[in-house]
Amino acid sequence: MKKTVVIGFVGIQLDYAGKGSARWEKWRPTVALCQQEDLVVHRLEVIHDARSRSLAERIGNDVARISPETEFKRLEMELRDPWDFEEVYTALHDLARSYPFDTENEDYLIHITTGTHVAQICWFLLAEAHYLPARLLQTSPPRKKEIANSVGSYEIIDLDLSRYDRIAQRFARERDDNLSFLKSGIATRNPAFNRMIEQIEQVAGRSRAPMLLVGPTGAGKSFLARRVFELKRQRQQLKGRFIEVNCATLRGDSAMSTLFGHSKGAFTGAQQERPGLLRSADGGLLFLDEIGELGLDEQAMLLKAIEEKRFFPFGSDQEASSDFQLIAGTHRDLRQWVRQGKFREDLYARINLWTFDLPGLAGRPEDIEPNLDYELERFAAEHGQQVRFNVEARRRYLAFATSQAARWHGNFRELGASLTRLATLATAGRITESDVADEIARLTATWAEEPTADACAQVLGGEADQLDLFDRSQLNAVIAVCRASPSLSEAGRRLFAVSRVEKKQSNDADRLRKYLARFGLSWGALRG
Amino acid sequence: MEWIELDGSRGEGGGQILRTALSLSMITGIPFAIERIRAGRRKPGLLRQHLTAVQAAAAVCGAQVEGAVPGSQRLRFQPGPIRGGDYAFAIGSAGSSTLVLQTVLPALWYADGPSTLRVSGGTHNPAAPPADFLIRCWQPLLQRMGVTLDIQLLRHGFYPAGGGEVLASTAPVTAWQPLQLESPGPLQRTRAIGVVSGVPAEIAKREMQRAASSLGPLDEELRVLPANEGPGNVLMVVLEYPELTELFSACGERGLPAETVADQAAREARHYRDSGAAVGEHLADQLLLPMALAGQGSFTTHRLSSHLHSNMEVIGKFLAVDMETREMAGCYRVELG
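So the sequence lines, in the order shown, correspond to chains A and B.
Quick note, this note's numbering runs 675 ahead of the 1-based positions in the first sequence.
Quick note, this note's numbering runs 1 ahead of the 1-based positions in the second sequence.
Keep in mind that the hints were calculated from the coordinates and are not lab data.
Heads up, some of the hints might be wrong.
[As the list claims (entries may be wrong)] Straight-line Cα separation of at most 16 Å, EDC-like style, residue types lysine to aspartate or glutamate; simulated pairs:
id	chain 1	residue 1	chain 2	residue 2
1	A	701	B	254
2	B	44	A	712
3	A	819	B	67
4	B	44	A	1057
5	A	677	B	254
[As the list claims (entries may be wrong)] Label-pair distances were calculated between CB atoms; the ranges are:
id	chain 1	residue 1	chain 2	residue 2	range
6	A	677	B	326	43 to 51 Å
7	B	181	A	746	47 to 55 Å
8	B	202	A	751	40 to 48 Å
9	B	277	A	820	36 to 44 Å
Even glycine gets a Cβ: it sits at the ideal position worked out from N, Cα and C.
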């Protein structure tokens, strides 16, 4: 059987009751904890300073009388000011580190009823951080009407909250609420996506470090960033604003000034001081979408701003400061971008701490249906008009949406647009089969008449036009195979089906990865 | 060896069942397991006052014990041979010295030699018989039954400060004498003993006056103890008969008027006195075990308490002795043998 050891301060006021026999009629927490009918204290160690030595000794004598099972020890500790947080914490931290805890054979309780409130706080912090392998013990005075009772009661508080069923349930419920919130209430079914949301929820709750969301356009990066911001604001972790900018839209001098601001007269036309987006995001969350498109100078400045929370506004020699949470988005393989010198390695290292891959719609076909319901609800909320699919119409639309024929280049954004069209055109709140047929025709036509918006254009944007037709045709074919393959290796096997036979070691996946890298592309970016 | 299984949730006397079982297990050598100790109470399981009895019993016979921790609802007790000798138990104020004495003394009647038992802690606690009861009421009857017993109150100990001490010497019983207590005989003397320690003597005086107004003329005995034995106050009403002495007590507490304390003791004394039965509720409880050990005996009592019932049940599991209760005019007759 383990021994029960209680450690606590002598209560200069609470434990003091004089020397007369009337002291037994007063509730003295340190004595009372040895009088509980269902708690045996095998050792009691009281902390006191030189001034209260005689009080501590008297307590020891009384404890010996009422509880012979209890071994009594005094720990003399000089505290200049028991209300000084730093001093008390340091003293108790030293005690916690030097105390010969023997958790195999002894069970430790920290008596928090006596001592200053500062001491209470320090005990709590030390126990919570596991510096003290102990539970907290609180003694309470008897109720007013029990005049003859001088023993009162006690409560043991275990800071391991998972041990309390009702609290654990509450956490689980809150967590579910958070997850649902991050997913905007969309009951997504894709297990990988749901796992990722759980991780984001944990990271958002515990860390202010930057996050990186990787995924094709329309996968919901910006949307998710905004939800993270709102979740953090609900939890009082952020007070400022949500600032969003697509780095692909920032070009030249104006990029610097848009992000970092400028002082009045910094350049021709700078007639007014401009705070810049970083300063606007102070205390809030800055979402830099397509961070891969940011120029190298801006990258350098951004790194400084993230690391030091300080930066120079354009044309200014006075540093400005801003403390913001950063979420970056990209559809590129930034590691590759780094290798090609297009992205700073140090900045990449800084934002690559929490990287989350957001699959495109093709990677999450099972989530089309929940998103469909969500989009219709959103339409209803925005337009005050409930729109529903006929059963057959819904079946047909889903069958098309999840089929190979549906390309969904724009991912969930495009799906949303399609549903908004259907809802707008529906008569009397019903989407019929013919409405669906029309929409399928529209989508098919759009995807067909995208000669310039070929696969290269989709993944590379404007840069596709810098390619020779020779390269572009080949890349288009490669992308098509990749999109039809479940994995990089499988795509490699198909693409190098002939030459691989002659090789001793098939390194198709590597060959393909290197080929894609030449265009700054990654497997993930193609899967959108 | 077959274990005796007991249900600790039965009846009111969770502690009484345990103490009787401990005594009888030591004497008979039969191990027992008790389950569901004080099940359904606000603080279920063993309390410290029960543990003091278990530990004392284990020390006297070298028992192997499992589950002797506060809050445990299950206890296994496997006794060894009872060893006579000089024992000292410090039990603090959590338990009552008298309850420990009552648990351990019967075992020492079967030891291999004489013993002394020194118990320090509470001697006058609210929920246990005061040491004076053991000395004035219980001891003379046991001596008549053939037991060598001398109990001395060395120092008073009240709840919560404790600090009292009782010393008992006893020896193995060579031959039990049957004891029949049909009627106490004519009341010879009524006494009120008012004890105070660390509280004004006035309180004890008021208690004794109040008892007199309820019970009629009585001899008052004021015991003023040194303040350091207190604080404490107890009123004991002692009824002396040719056959035996009975004692009823009540403890004073802060906030409880002296008159209320006095009424409590006097009411019990009057009920007993007016019933014509030989022994009161508590003495009946305490006589049952020695009589069962003697193999025979009888008494009349004015009340059949649930303690007495659970006591009988436990005794019946350890000893082959017939126990019969019969209702008579206004009281009950309990016969063993």
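Hints violated by the structure (numbers, ascending): Violated hints: 3, 4 and 5; rest satisfied.
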